[in-house]
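Here the protein sequences come in this chain order: A and B.
For the record, in the first sequence the residue sitting at position 349 is 348 according to numbering that gives the first Met the number 0, with numbers rising by one throughout.
For the record, in the second sequence the residue sitting at position 15 is 14 according to numbering that gives the first Met the number 0, with numbers rising by one throughout.
Hint data in this document are derived by calculation from the structure and do not stem from the laboratory.
Among these hints, one or two may not hold up.
Because identical chains share one entry, a pair is satisfied inside a single copy or across any pair of copies.
DSS-like, lysine-lysine: derived pairs with alpha carbons at most 27 Å apart [said to hold, decoys possible]: (1) 344 with 298; (2) 298 with 529; (3) 293 with 344; (4) 344 with 165; (5) 484 with 370; (6) 484 with 501; (7) 344 with 410.
2 protein chains.
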Amino acid sequence: MQGLMMDTPLTISSLIRHADRNHGETEIVSRTIDGSLHRSTYREVHSRSRRLANCLIASGVQSGDRIGTLAWNGYRHMELYFAVSGIGAICHTVNPRLFPEQIVYIINHAEDTQIFFDATFISLVRDIAPRCPGVRHWVLMTDRAGMAGAADLAFSVQCYEEEIGKFSDEFVWPDLDEGSASSLCYTSGTTGNPKGVLYSHRSTVLHTMALAMPDAVNLSERDVMLVVVPMFHANAWGTIYCAAAVGFKLVLPGPHLDPASLYELFESEGVTISPGVPTVWNGLLQFLQQGKRKFTSLKRLFVGGAAFPEASIRAFREHLGVSVIHAWGMTETSPLGTAATLLAKHSRLPMDAQYALLAKQGRVLFGVEMKIVGDDGEELPHDGVAFGNFLVRGPWVARGYFKGDDAAVTKHGWFATGDVATIDADGFMRITDRSKDVIKSGGEWISSISLESIAMAHPGVLEAAVIGMRHPKWDERPLLLIIRKPESAVTRDELLQFFEGKIAKWWMPDDVVFVDSLPHTATGKLLKTKLRDAYAGHVPGANAGSSRNSEPALER
Amino acid sequence: MQGLMMDTPLTISSLIRHADRNHGETEIVSRTIDGSLHRSTYREVHSRSRRLANCLIASGVQSGDRIGTLAWNGYRHMELYFAVSGIGAICHTVNPRLFPEQIVYIINHAEDTQIFFDATFISLVRDIAPRCPGVRHWVLMTDRAGMAGAADLAFSVQCYEEEIGKFSDEFVWPDLDEGSASSLCYTSGTTGNPKGVLYSHRSTVLHTMALAMPDAVNLSERDVMLVVVPMFHANAWGTIYCAAAVGFKLVLPGPHLDPASLYELFESEGVTISPGVPTVWNGLLQFLQQGKRKFTSLKRLFVGGAAFPEASIRAFREHLGVSVIHAWGMTETSPLGTAATLLAKHSRLPMDAQYALLAKQGRVLFGVEMKIVGDDGEELPHDGVAFGNFLVRGPWVARGYFKGDDAAVTKHGWFATGDVATIDADGFMRITDRSKDVIKSGGEWISSISLESIAMAHPGVLEAAVIGMRHPKWDERPLLLIIRKPESAVTRDELLQFFEGKIAKWWMPDDVVFVDSLPHTATGKLLKTKLRDAYAGHVPGANAGSSRNSEPALER
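Model the full assembly from the supplied sequences, consistent with the hints where possible.
Structural data, given as structure tokens:
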């Protein structure tokens, strides 16, 4: 027997409609590429999203079409979020920090028919456009004056403001099936090509509600959020959607993510909470400490993308009065899966014990289920000691990849995160390892296997391994371990040159170490735990040009 | 194109499974009928719910069957919530405060096959059971020792503890379609028979998440909630489900709702928040003020069911340090639709202005849409002045009634609440009138039209009208206005006697006033606004036995 409640679908248009009706005058403050501040409101973003919706439909966009963005955090990007998904098309946020070859792959794989891009990326677009034949319109997110920078492009570029200026804001968002696709983010995985996570309206709205709940990020209308995490990273962790649902003032920093610019904006706009990756916060911490500066409004940081060290959590709390909400998620989990918020009983613990808990990745949100399993698939206890492969499931977890297969999901319907974790009796999860050995550098992922594959293509290399070595600023940087072929005398510099043009600059290994052997598992896989034990503390340059015998032999 | 996220259904079993896994040791404290305290945990409630699930299935319960309860707030009632809905049956919470005739109607209309009842209701069950032939099992919610009280019943009664004791807790909740019916509550409307609102798993889970959000009731694991609102009133406003999702400690007071008992429990269990109707809170306020008592842990009241006067909100805040969250909802809206939480800018207002806002019914929750329309159906402005019929829609709003039709929903898909309201520019809604003129007495509804219908059946009555007159304790009490037939000399006492046995005792009008005429609208409907102007301040007994000419004439 079916219930007799309304069949109201959960749709992204309901978020911006709610914002317009219930907190239409609340501000959206954007720092533009030239550094000036632009002030908008939810009502205005809604109005302009409806103009854009009319514009997209007039340009031939159909339900299910993919519309790409190469853009910073700003009001036009926000308008694209709501307009593209709102008409039933798919908002595909492309990460402009990727290597152009990857961007071309992603745009072509997604079959994007239009790309909206910020002026920062004109030269990138000049490079990739000839290789993206499916893109019918390139739209520069600027006004007429801003079009000068694109004057020398060999192909036609449209002007965002001119295009939407042709249309009225008379538009009624269509009723959509809530299971229909709303947005697409590619994750640069550790093996093979990037894979697309295809979110639905339903998954997005449910994630939005879960994100705001008090034991998750606890977001109310009384907050002011500066969104540091890019809108091309898992939809800025869902914060843009959540802003519309909750109605807090939103501050979007554009490309200006240096500590001084962020600090200025935190202070001038009365920011109370900000989501971002550890690298940014550690840089900001250093900036504040050096200048003996304080925050006057900031109360909380929402930190994910990589582990945030306990020392940083403590420093923010004790020196700056800022609490840290440590969270875990992946592109495949929308992204929020867990958040470290203390339980009632923890308020009685000594501060050291509280910091240790806050440094864990935290407790699972209602809606998501998690478990850890051994290699045999058997569930392991939640005792804070046993560690195993970390699996999750729930309505905002991916069951497959765009155009791909369901390989990411176990036969029992769980998503294998690729992380290894412990879970304690109170449900606090801690990531202890990454089963796929990705290197997290400044919150971005670097695929160790991709780097190994390139190195292995060099004629002088017998075997290659890449691990993350600790780095004070970027958390981790890649270190390349090489066994030369017997006849080879390839050098560090020759190897690093071999990577040039094949990877994004920031993927470049910081150093090369030559070894006689590499440790393997019984099934022949590299045993990276042993390599990390030996080399995670390696100091770049210390062994540059070392002979093949200068490193301790590692047992096979 | 469909998204590629997991198709995880939103089900009630996911709530209790989440509670068990993530805060299994948190307490559920219940005051039993004899006044003693019973301590359980989410894990134990989950375990016993699974035993009960096995028991229900063994007794022949099928998917979609209705299982009734006549019970106070306690752990066994909570187990029924999760077990009955969890197996795909429908948990039908019957309001034991209704007149037996209505209870019989409701049980038969719902076609309940089993009724679980507390010992308080043995004599009620003795009365109604012979008239409920469809009920195959009557189950007394007690252990073997407690069965003595039911020994003299003429029909077989099962013992809750003995029945579930026969079964193991090995049970896996079935996967259910989230649109399937989960629970059923009848609303005693103003016209005709009570109507059943049939909630779904989806509506329940979405309402649960919305309830917890910071700008709604803001519920975290750090709360301790004493649930005063009965579990037979719109599922205790969703708080039981929310408890499982959020993991706060839950305190269930059983039948002991007098101020002294509540106060003792607030203090002994460290309660921080409590939901209930104004009558209870006004009684508690008086009790505390008379005894010069203070709360040591209570921080917030969550008040709905009827308007809570600004003076009470102020008294709780200023004398007791307790904030009031004033909310609006109906059985048909699951029930939460709006909650009065202040916006950031309101913190700068003088306290008087803040109290005035807090006395409104509040801002709409994300997920629900609201509007006010004139009698022509045209939408009215949100200016805080214009008032009109208050309409809502959303995924936890009813689209129809059990076995009934969709008459409650407009052709455009909105639910007509029957209330008249204003909405201001910030989205604060205020109920200004009830289009159907129900009388709210102690948070319960009394149908004026039902009372009028009975009065009209008296041979000496020409016309009758019932309005609410103000009452210091119950907010409102019914007042009966009568035009006698020319030849009649029927008295006040004769009329009131005529109601005996036809209505619940508390529906009995407090007084009768004889008049020569009653005001009507152009279409012939009673113009109750005029009647209220004249009689809302009536003092019962003042005009008892008055002649037909003792009242001021009211213009037709």
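(request) State whether the alpha carbon distance between residue 344 and residue 298 is at most 27 Å within one copy, between copies, both, or neither. (result) Both. Shortest intra-copy (22 Å) and inter-copy (18 Å) distances satisfy the 27 Å Cα cut-off.
(message) My question is about residue 293 and residue 344: at a cut-off of 27 Å on alpha-carbon distance, are they close within one copy, between copies, both, or neither?
(response) Close across copies (24 Å), not inside one copy (31 Å); limit 27 Å.
(message) My question is about residue 298 and residue 529: at a cut-off of 27 Å on alpha-carbon distance, are they close within one copy, between copies, both, or neither?
(response) Neither way: residue 298 and residue 529 sit 41 Å apart in one copy and 54 Å across, limit 27 Å.
(request) Could you figure out if residue 344 and residue 410 sit no more than 27 Å apart (CA to CA) within one copy, between two copies, both or neither? (result) neither (38 Å within a copy, 51 Å between copies)
(message) My question is about residue 484 and residue 501: at a cut-off of 27 Å on alpha-carbon distance, are they close within one copy, between copies, both, or neither?
(response) within (22 Å within a copy, 99 Å between copies)
(request) Give the relationship of residue 344 and residue 165 under a CA distance limit of 27 Å: within one copy only, between copies only, both, or neither. (result) neither (59 Å within a copy, 36 Å between copies)
(request) Tell me, please, which holds for residue 484 and residue 370 at an alpha-carbon limit of 27 Å: within, between, both or neither? (result) neither (43 Å within a copy, 76 Å between copies)
Hint compliance for this structure: hints 2, 4, 5 and 7 are not met, and every other hint is.
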